[in-house]
Amino acid sequence: MKTEHPSARPAREPRGSRQPKRSSYPDGRAASNQQRPAPAHRKPRQAAPKSAKPAGDGSSEATLRLQLVLAQAGIASRRRAADMIRAGRVRVNAKVVREPGHPVVLGRDQVNFDNQPIPAPEKKRTIMMNKPVGLVCSADGAQGRTVCDLIADVPGRLVPVGRLDRDSGGLLLLSNDGALIAHLTHPRYGHRKIYRVEVSGPCNAATLARLREPMEIDGYTIRPVQVTQLRKQGGHTWLRFVLFEGRNRQIRKMCAQVGLNIISLTRIAIDNLQLPDDLAPGEWRDLSGREVKALMTTQDT
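Everything in the sequence shown is counted per the numbering used here, starting at 22 for the first residue and increasing by one.
Each hint should be verified, as a subset may be incorrect.
[To be verified] Simulated pairs of lysine to aspartate or glutamate, DMTMM-like, Cα-Cα distance not exceeding 20 Å:
(1) 314 x 143
(2) 144 x 307
(3) 314 x 292
(4) 145 x 174
(5) 274 x 219
(6) 116 x 143
(7) 144 x 130
(8) 144 x 312
(9) 145 x 298
(10) 144 x 174
(11) 274 x 188
(12) 116 x 104
(13) 274 x 312
(14) 145 x 130
(15) 116 x 130
(16) 274 x 186
(17) 274 x 237
(18) 274 x 239
(19) 145 x 266
(20) 253 x 219
Read the hints as simulated data drawn from the structure, not as lab findings.
Generate the whole structure from the sequences, applying the supplied hints.
Now the structure itself:
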């Protein structure tokens, strides 16, 4: 008779006890498969820079190949840096290293080139902020209090990616990643930006049709804009604008041309990156590597 042996596999967690992940699209649709954002202001875990890997000793410290350390420091190209390393001109922790792929632990190992120390490369970092109304998007305070004042305790220098004017709020990115900044701000990539706008004034089907047509603003004909009505209450109307370019105060100037007065203007998404409902004005969180990669993979328009 065949003997039944007890299974060593643990019982699965009951399906009903699992906690669903919550998120939403800008238009209110549920999206259960999106990652829930980390609590704002929690001390973030810095993501390793591109090409960095965990240290070979099993620790979680980020590493970078030696030739990339030289290249990122502006010493030479990666190919030339590899030749310099093989020639014995580079030391790691006072020892000559001749292998270009030698792992350097960022923030711990000291690298010298021709007996001169090389500063450690700055880790790339990008955060999303719920910009409050009343602050300017600038790295200096010449025009008043800036969004950078809210991250004064963050190491390094993060700069606003694009801008929201003083009277607008919502999703704003700040970063030290030059490639990401260039990608998000160059008009050729046509990143989609979504805004929720509360207006007063006559807003009917004809008004919406005019907003969707090409308009001339400051001598420039803007690209077509997607505009939909979200709801109405009293004399106020809430609209959803989708833009693929970012002219200075574009939405405000568009609304002025059709006789609408803007009460509030909030950016709620950039491409598929959405402003979390639980991120209060003035709060921020780090972007994950996956979120940054998604922003960088937007195709040319």
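Evaluation of the provided hints:
1. 314 x 143: Measuring from Cα to Cα gives roughly 19 Å; hence the hint holds.
2. 144 x 307: holds (13 Å)
3. 314 x 292: holds (12 Å)
4. 145 x 174: holds (17 Å)
5. 274 x 219: holds (14 Å)
6. 116 x 143: Measuring from Cα to Cα gives roughly 23 Å; hence the hint is violated.
7. 144 x 130: This hinted pair holds, its Cα atoms lying about 15 Å apart.
8. 144 x 312: Holds: residue 144 and residue 312 sit about 16 Å apart, inside 20 Å.
9. 145 x 298: Violated, because 26 Å separates the two Cα atoms, which is more than 20 Å.
10. 144 x 174: holds (16 Å)
11. 274 x 188: holds (14 Å)
12. 116 x 104: holds (17 Å)
13. 274 x 312: violated (31 Å)
14. 145 x 130: It holds: about 18 Å lies between the C-alpha atoms, which stays within 20 Å.
15. 116 x 130: OK: residue 116 and residue 130 at ~11 Å, within 20 Å.
16. 274 x 186: holds (13 Å)
17. 274 x 237: Within the cut-off at roughly 10 Å; holds.
18. 274 x 239: holds (9 Å)
19. 145 x 266: violated (26 Å)
20. 253 x 219: holds (9 Å)
In terms of the numbered hints stated before, the structure departs from hints 6, 9, 13, 19, listed from lowest to highest.
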